[in-house]
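Keeping the supplied structure of chain A fixed, place chain B with the ligands upon it in accordance with the hints.
Here is how the chains run, residue by residue.
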Amino acid sequence: MSDIVLDVRNLRVDFPTRRGILTAVDDVSLTIRKGEILGMVGESGAGKSMTGMAILGLLEPPGRIAAGSIHLSGDRIDQLSDREMQDVRGRRIGAIFQDPLTSLNPLFRVGDQLVETIRLHTDLTRAQARERAKALMREVGIPAVEERIDNYPHQFSGGMRQRIVIALALCAEPELIVADEPTTALDVSIQAQITALLKRLCRERGTAVMLVTHDMGVIAETADRVAVMYAGRLAEVGRVEDVVQRPRHPYTVGLMGSIPSLRSDAEELQMIPGAMPRLDAIPPGCAFNPRCAHAGPKCRQDVPRIDGPGAACWLAMEGATA
Amino acid sequence: MTAILEVDALERRFDVSAPWLNRVIERKPRRTLRAVDGVDFTIERGQTLALVGESGCGKSTIARLVTGLHSPSGGSITFHGDRDRMQMIFQDPYASLNPRWRVGRIVAEPLRTLRPDTPDSMVSARVDELLRTVGLSPSDASKFPHEFSGGQRQRISIARALAGEPEFLVCDEPTSALDVSVQAQVLNLMKRLQREMGLSYLFISHDLSVVRHMADVIAVMYLGRIVEIQPTADLFANPLHPYTRLLLETIPDLEAPKRDRAPMGGEVPSPVSPPSGCSFHPRCPLAFDRCKAERPLRRAEVHDRRVACFACEEKAHV
Ligand SMILES: Nc1ncnc2c1ncn2[C@@H]1O[C@H](COP(=O)(O)OP(=O)(O)OP(=O)(O)O)[C@@H](O)[C@H]1O
Ligand SMILES: Nc1ncnc2c1ncn2[C@@H]1O[C@H](COP(=O)(O)OP(=O)(O)OP(=O)(O)O)[C@@H](O)[C@H]1O
Ligand code: SF4
Ligand code: SF4
Ligand SMILES: [Mg+2]
Ligand SMILES: [Mg+2]
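Quick note, the sequences are listed as chains A and B, same order.
Numbering-wise, full-length UniProt numbering puts 280 at position 280 of the first sequence, and it's gapless, one number per residue.
Numbering-wise, full-length UniProt numbering puts 49 at position 49 of the second sequence, and it's gapless, one number per residue.
Calculated directly from the structure, the hints in this document are not laboratory data.
This structure is a prediction, so every number in the text was calculated from the model and none was measured.
Don't be surprised by glycine CBs; every beta carbon is placed ideally from N, CA and C.
Among the hints, erroneous ones may be present.
Said to hold, decoys possible - Here are some chain B residues the structure puts well away from chain A; computed CB gaps all over 10 Å:
hint: 1; residue: A3
hint: 2; residue: D15
hint: 3; residue: R30
hint: 4; residue: P110
hint: 5; residue: P119
hint: 6; residue: V123
hint: 7; residue: Q152
hint: 8; residue: K191
hint: 9; residue: V210
hint: 10; residue: F236
hint: 11; residue: L247
hint: 12; residue: P252
hint: 13; residue: D253
hint: 14; residue: P257
hint: 15; residue: P274
hint: 16; residue: P275
What the hints assert, rightly or not - PhoX-like mimics (lysine-lysine), calculated; alpha carbons at most 25 Å apart, straight line:
hint: 17; chain 1: A; residue 1: K34; chain 2: A; residue 2: K298
hint: 18; chain 1: B; residue 1: K292; chain 2: B; residue 2: K258
hint: 19; chain 1: A; residue 1: K199; chain 2: A; residue 2: K298
hint: 20; chain 1: B; residue 1: K292; chain 2: A; residue 2: K199
hint: 21; chain 1: A; residue 1: K34; chain 2: B; residue 2: K258
Said to hold, decoys possible - Stretch-level coverage of chain A by chain B, calculated; a stretch enters the list once three of its residues show a Cβ under 8 Å from a Cβ in chain B:
hint: 22; segment: 57-67
hint: 23; segment: 85-92
hint: 24; segment: 260-269
Chain B with its partners taken away, still in its complex shape:
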């Protein structure tokens, strides 16, 4: 296998200080938020890596760093493909389509950017073909985005992304705004396109059952860090990190509902002042002294760099 994307020690900080004058008057210090705090992962060609984690853990920031919408504060991103053939699909199919453009023009745009010399007749033939690929009809090209349902708009976004002849797609919560029956249509389409065109995906979601269906490898994030990364089947069969286990616990199981569950307590802490050491320690049932003082890393001798946790480390040594 060959890697298409390698991300190493990636960091992104945001300055979230109060305005200068307030800082001076109220004597407030400058504040920095570490949205992405030392993240490593590799995506193989033709595969899907998923980032999961709760709101604010840094998933979208990684998507924006990978696509170049943000610049890193540290670390590196190496893309072994053609930069012009990387496309992004956003969560909100309403906001990401220009409401004043007809669908045909929206879908054609990346094609015109990639190959400005293409004659109009070929562009429109290609647009028709793309609309058919995503299950819409060529006559939809003359309509405006507001004439479509949420699922149809997300298909327009996918058609637009495909127009750029992508080899790599960054999908940030592509189905979170959709109903489950519509989500199934979009996920099936994405899988079919991957099979047929050998696409690679960075797939972002907070929904573990969606991710289980889509991903080859899953990276679980907590407050800007990857706490666990494993092939999908292994993660579900043998979750290592206590936070991953908490997340797996929260997935409702329709076949065997946990009707008398006692959910784990605690709140997600503020990323501006994250807890010391392992940032999960205030909620962790296995936490011990070392967790407060030191930051756990993913190490080669502990489950082959799959988990960052001291409890797993101690167990791995006995």
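If we strip away everything but chain A, and leave its shape as in the complex, we get:
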């Protein structure tokens, strides 16, 4: 059996609006293997969350999957009913969002929430499930579990709540975890703890992870491979070391150069002129062409596309943009 857990082929997500159809995710193809962490980066509005939400079956109408397919360990999941998809989310895909409170019910003790989730997916007794919940809380690093298990979510700090959400996501031993900006709302010294935890647990269990973030630093330290998105499309996909140290797409090159470095003392940061186009104003050809110093005639006509590792750029793919 192949060890590909997530296989996304030519995914397109559309938002029909009064003024026409907006394409938020345009022809995105990705795979994630067992035990692998795929980082998704890109600036605000690039389509990272929409890709994650499409995989989770949580797109809010009028948003919808307009083309492509999504397979989870060989099973097609993009055409399931809401009820079937709810079951897949419970058992086979875990979700972690930026705000831990969206995943926790404020009215229930965290222990009860863990026990309920565990019992939904196993045939453990209540007492056994409670033991399992305690073990999970210990595993994610909650101190004094015996006392804390009966606390309510608001009695925990932001970092502790996110640990509990991770425990909750792991309850059902999912094949895939989609984590959308899981540390963005946390303090910097806590962020590192949470990403290290997520990474360790997934390694130990062989869980595939899609880690969505706008923070290249988090990706560099956590992910195995990275997908860079720009204006709804994939700009570059590759092994983290390659993309960070030898980016090939001009947008990725600019992105890396604009991050203040810990080593360089350059007075000026590198800049990408202009801004990412809005969805209703994506230029023909390569979406990056108005900001690209290498743009040629071909770039203004034909959309460069990738469906595996590489850079979606005519210069990188063909050595010319004429």
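Structure of chain B with the ligands alone, referenced to chain A:
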């Protein structure tokens, strides 16, 4: 060098008690939060001092005290410049621009306040010039804030601040809401303006790599106190306080990622009931008895007042 701002033993407390009736019924005591707890620093003319530290450590409260939006509960702030020429840039470029005003009116406002007699034609010429300075176009003056991206809105905030002919700018997380590629545009602009106009900045950020790029001097805060203050190069080459070292550890290094890091544990404690003595002691790997009992101060004989830590003090004496 001459100082433009001197802050001495600055304190700000907030009353965070439950409402009076609840206090009486539930017998809860009055509670005070020390948001800023004895802070000293000096900013030299033409330089940038940065405040860094995690959420809730008191950075914005200091910005509000310096600009007069809050009054101090203790200590003093001495500004050796023209009060009318101090301006502030806020974190959120969405909330800080009046959505019903056109950009031209937003940018002109501080100018009209500073020099109410300026004829309209001169005001609009100045607005055009300011918009060009920050990389926008004079035709943008007739648009509304919602027609701009985040980075462009932050440039509008900067143009507005410049309209007040500032000599001193307080910048509270000016790029935290922006993407890195847009952040680079704003930071480059701020540096260029400083070079060209000799501006002084109080620059607030939680991002140490941004601060390293922008600041001449960095003050590291923890729970309302400055635990370390050093010139930027020295702070990065030779961090003294254990908390500073923890923060430096957490900066991802793109050139040499620490992929198997073992991050330091612990949580940021509540500022309402901070730990006794050195408030960092529950998380500090070097903590010893004295740290729980006594508050460390920045002392002249310990690294020239650069650090408040007993472990550094003992080392400095041997
Ligand atoms: N209901 C909607 N109608 C129309 N467009 C939408 C809707 N929801 C989202 N979009 C658009 O879809 C695009 C992709 O958004 P998405 O949330 O995936 O971005 P992102 O990469 O996650 O950004 P961020 O870093 O800000 O979270 C954006 O341009 C957004 O404006
Ligand atoms: N008006 C207020 N009333 C009560 N408490 C306040 C008030 N303003 C700030 N505080 C508290 O003072 C402390 C310092 O807040 P401040 O906003 O200065 O932190 P900060 O360092 O700017 O944090 P952040 O990085 O999150 O912006 C926090 O604990 C905050 O909750
Ligand atoms: S395809 Fe052309 S415009 Fe697009 S990134 Fe490559 S060179 Fe630049
Ligand atoms: S004073 Fe003590 S607890 Fe505080 S930082 Fe120094 S060694 Fe650590
Ligand atoms: Mg998102
Ligand atoms: Mg603040």
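Structure-based check of each hint:
1. For A3/B, the shortest C-beta to C-beta distance to chain A comes to about 25 Å, beyond the 10 Å cut-off, and the non-interface label holds.
2. Once the 10 Å rule is applied to beta carbons, D15/B is consistent with being away from chain A; the minimum gap is 22 Å.
3. Look at R30/B: its CB is around 22 Å from the nearest CB on chain A, clear of 10 Å, so calling it non-interface holds up.
4. Annotated as non-interface, P110/B keeps its C-beta farther than 10 Å from every C-beta of chain A; the closest such distance is 26 Å.
5. Against the 10 Å criterion, P119/B stays outside the reach of chain A, whose nearest CB is about 35 Å from its own CB.
6. Every C-beta of chain A lies more than 10 Å from that of V123/B, the closest at about 28 Å, which supports listing it as non-interface.
7. For Q152/B, the requirement that its beta carbon stay farther than 10 Å from each beta carbon of chain A is not met, with the minimum near 7 Å.
8. Its closest Cβ contact with chain A, about 7 Å, brings K191/B to no more than 10 Å, contrary to its assignment away from the interface.
9. At the 10 Å boundary, the C-beta of V210/B falls inside the reach of chain A, the nearest C-beta of that chain being 5 Å off.
10. For F236/B, the requirement that its beta carbon stay farther than 10 Å from each beta carbon of chain A is not met, with the minimum near 8 Å.
11. For L247/B, the condition that its CB be more than 10 Å from all CB atoms of chain A is violated, with the nearest at approximately 7 Å.
12. The Cβ of P252/B sits about 3 Å from the closest Cβ of chain A, inside the 10 Å cut-off, so the non-interface label is violated.
13. Distance check for D253/B against chain A: the nearest CB is about 6 Å away, which does not clear 10 Å, and the non-interface claim fails.
14. A beta-carbon of chain A comes within 10 Å of the beta-carbon of P257/B; the shortest separation is about 4 Å.
15. The claim that P274/B lies off the interface holds: its Cβ sits roughly 14 Å from the closest Cβ of chain A, which is beyond the 10 Å cut-off.
16. Against the 10 Å criterion, P275/B stays outside the reach of chain A, whose nearest CB is about 15 Å from its own CB.
17. Distance restraint check for K34/A and K298/A: the Cα-Cα separation of roughly 38 Å exceeds the 25 Å cut-off, and the hinted pair is therefore not satisfied.
18. A C-alpha spacing of about 32 Å is found between K292/B and K258/B, which places the hinted pair above 25 Å, so the restraint is violated.
19. Between K199/A and K298/A the CA atoms are separated by roughly 41 Å; this puts the pair beyond 25 Å, and the hint is violated.
20. Straight-line distance between C-alpha atoms of K292/B and K199/A comes to about 35 Å, which puts the hinted pair past the 25 Å bound.
21. Between K34/A and K258/B the CA atoms are separated by roughly 23 Å; this keeps the pair inside 25 Å, and the hint holds.
22. Counting residues of the segment 57-67 of chain A whose beta-carbon sits less than 8 Å from any beta-carbon of chain B gives 0, not enough to reach three: the coverage restraint is violated.
23. Judged by the Cβ-Cβ criterion of 8 Å, the segment 85-92 of chain A is not covered by chain B as claimed, because only 0 of its residues qualify and three are needed.
24. Under the rule that three or more residues need a Cβ within less than 8 Å of chain B, the assignment of the segment 260-269 of chain A holds, with 7 such residues.
Violated hints, in rising order: 7, 8, 9, 10, 11, 12, 13, 14, 17, 18, 19, 20, 22 and 23; the structure is consistent with all others.
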